[in-house]
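Quick one: dock chain against chain with the hints and give me the complex.
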Amino acid sequence: MLTDSRIQLTPSETTFLRGALDTEYQHLQFLLANGAKPLASEFYFPTNVYTDREQFSTITEQAESAFVAAYLAAVRRISELGNPLLAATAAQVAVTEQVHLALIRQIGGRVPNHVSLGQALFYNTSDAGAVLKGFLEGGSGFVKTARKLPGVTEINGVIGKDTVTSIRPFTDTTLFPDQAGSSATMAATMAATPKK
Amino acid sequence: MTTLSRRSLFGFDELFGYSQLAGQKAGDDAQTILNLAATAETLATTHYYNVLTDSTIELSPDERNILKSALDAEIQHLVFLNANGGKTLATQFYFPKNIYTDRAQFSEITEQAEQAFVAAYLSAVRRITELGNPLLAATAARIAVVEQAHLALIRQIGGRTPNHVSLGQALVYNTSDAVPILQPFLTAGPDRGEAKKFPGETAINDVIGDVGVARIKPFTDKTLFASGTQAAVTGDCSVTPLSGVNVNIREDAGINFKIISTLKTGSALPVNGKKTDANGFVWYRTSLSGFVRSDVVKATGNCATIPIMK
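These protein sequences, in sequence, are chains A and B. Residues in the first sequence are numbered from 1 upward in steps of one, following our numbering. Residues in the second sequence are numbered from 1001 upward in steps of one, following our numbering.
Hints listed in this document are in silico derivations from the structure and should not be mistaken for laboratory results. Just so we're clear, the structure is a prediction, and the values are computed from it rather than from any experiment. Note that beta-carbon positions come from the ideal geometry of N, C-alpha and C, so glycine has one too. Any given hint could be a false lead.
What the hints assert, rightly or not - Mimicking DSS-like on lysine-lysine, the simulated pairs with C-alpha atoms at most 30 Å apart in a straight line are:
(1) K148(A) / K1258(B)
(2) K1196(B) / K133(A)
(3) K133(A) / K1274(B)
(4) K1222(B) / K133(A)
(5) K1298(B) / K1258(B)
(6) K1275(B) / K133(A)
(7) K1258(B) / K133(A)
(8) K148(A) / K37(A)
(9) K133(A) / K1298(B)
(10) K1258(B) / K144(A)
(11) K1274(B) / K1264(B)
Said to hold, decoys possible - Far from chain B by the CB rule (all over 12 Å, computed), these chain A residues:
(12) T3
(13) S5
(14) R6
(15) A40
Excised from the complex, chain B in its bound form (with noise of 0.2 Å):
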């Protein structure tokens, strides 16, 4: 198991050429969390393209899926800290032998760099607190939950029970703190294979195709919370009213149910389930647990899987 020794800081550090050692009581700066997040998602990013493209372990269908969905996630990761200006510190990686011909091998280091991501995104939480900026903590958050998942499930194709902990582990103060743990895969040794290089956009979305996760916007995108306080979530199913007049929310499908709450001219819900009322209208159950008329409301992203509720 890699343990958080600090021994190989300094040839990282060069490397990275990042100013606030690990340890150090100032903290991290946002520039060195943006850039050690950035080099985090292209390890990850390159590790889980090789396993879908050069890889002896058996995979399921359904693992299959999950990794592709995971390698989606982690491209958009890298693409949202690139925009924020986060700067990749490396574009090839040493993975150990073995861990794309034997699955238990595969499962758990894969788990231990997950933890890691996990651990350094939510001292990144603790620390952009620190800096002021709340938004970019809970954007930083929204990274943590979806890794801590990635985590379960490669732990679950390892054979091992996927929610395990009653928290996501707080291994690290400060997100440089990590480093040691992503050193290993930067350095070429006896126990590693050859270097692994960032496969680039093109082809990690050739190799997701058609399966990859819906986008979400960040806490920092402006237009998220810009007409009220509910999220327009992209690329999920929402609705927005028609035509400039309010649609009244109902507790159940059907205009004789009463009326919890409005969706507001500009503003959207997400929609987890659809069901047809009596009288043969299609209503839309929105994130509020209340139901719109799908003819008064108009549906964006991906409407077409959502659930059918009896």
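The following block holds chain A by itself, in its conformation from the complex (with noise of 0.2 Å):
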């Protein structure tokens, strides 16, 4: 969107972008240092959504919703297995999700905030699949070359200075170092601990 696209977007509208990939990166870091391993690096997209700002505007609100609800069925999830500071962080990170949503809409000349809680449309993140399928298989109303999803330094030339102040996850140990004496919380931040 932000490298090979018509839609005219103001400058701030451009800065919020880039804040958004900034965001979305970091994510990607923290979720691969803690052992994810994405099943995609090649992605199609609808037709028109780098044409068409209603178009970019919607598609990118239903993937930004579904990205909210897939991380608040992990909460819900990551709570009934037991991690506080792993669900706590699963909400850390949809609580951006959800102003990325908000922003998406507003660039769409959508009323930015629009629900009264985030929309739990799944009850287990692998319910989002089927959202995401055309995105990972392409198909009728999807381009028919995939985007490879850039290197870090393609994405950090892109951000510039736009970046987001990082923020510390739960799961970060110093975070909170004198709380960090209960059974529960000592389990569940090893368990969320990049291995090193």
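Dropping the structure here:
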């Protein structure tokens, strides 16, 4: 969107999208550091998503809605699995995705804050797979050529100075050092700390 | 900027009468979290009501709509908390002078308050998980995401970049640790205006008018995932099969497109777009990125405003 689009963005919209890119990339780094493995590194996007502002806003809102709902389902499930710090970290991620959703709606000319609660579209994170299917497999309504995940240098080059503040997750043991005493907390922290 | 000092805790504790003081290893109990959250929402509704009714700040129509929607979201949070046993522990608040006359002051102070609300709900997710209630933990997260959106839009009103952090900020470990941030709003002082009373639901709804936000069911609502794993969303447009038979969800708008899933009898899916096929039939695009034909489903909610797809 920031490098290969014909949609005319205002400077503040560009700044927001660069910040969103930085945020998403930091989420990815956190997840990778905690053992996650992405199942795809190239994606198909709907036709006209980078040429038509309304299409960009509508499709991106749908994707962000799925991301918010997936992280909220993760909060529920991780909570069920008894990991308080990781559940709270999933919530920390969800809140930034909801901000993206709101600002993407604003780009499309819609009221940005339109819900009383984050929408719970899924009970489990894996239920979001159907929403992402088109982006992974393409098909009718999607472009035929997949786009690859750009490298860190390219991403940082686009973000430039419009970075966001890096916030420590609940799983960071240095965040609340006085509170890490209970066994439940320690277990959760160890489980969610990047392996060195 | 408000600092996280605990010096003022005692007065607040006496006023609020809760037993789990900040910093205690035992952590908050559920009632403490509910009471503090209800009090914070009462503060938030009082604040947004006042900026919409008793302010000299010149707000654009878009900004007023954002603030009305924020007010509606906060009153719905309060209603939810009260319905679940939360008790609002203060009904009048002291706001800084100039907060309703100076745009920058309004934006900065409100950002601090929203930041405290987000942090309080995030710590509630942590603590409620510890207490073994996943659905309530996820519901707390669902409130937190809305508060973070308010925070972003309030920053925008002040001319600052709205999305400025990589994660929601974890300022406190327990919800009660946020008490020192809220306490100044409960205390009269030379830098504070006259007490502002909670206006009540009727007055709030009059101000919101027809701008409000979509009513969304919390995770704790047992009907939310009653018929499978998909959410039934109230307020927003959603579809459910018309007549006791499952409905095909196709990859695009037309009966020749591949069936990618099924909308089962008794279940509902949110709708986020619609388009017309070559034969003139209207199809709804569901949250599963597939389409259902409009004549085999019942659509409810705000369906008139869903985007028309090309």
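Contradicted hints - numbers only: 2
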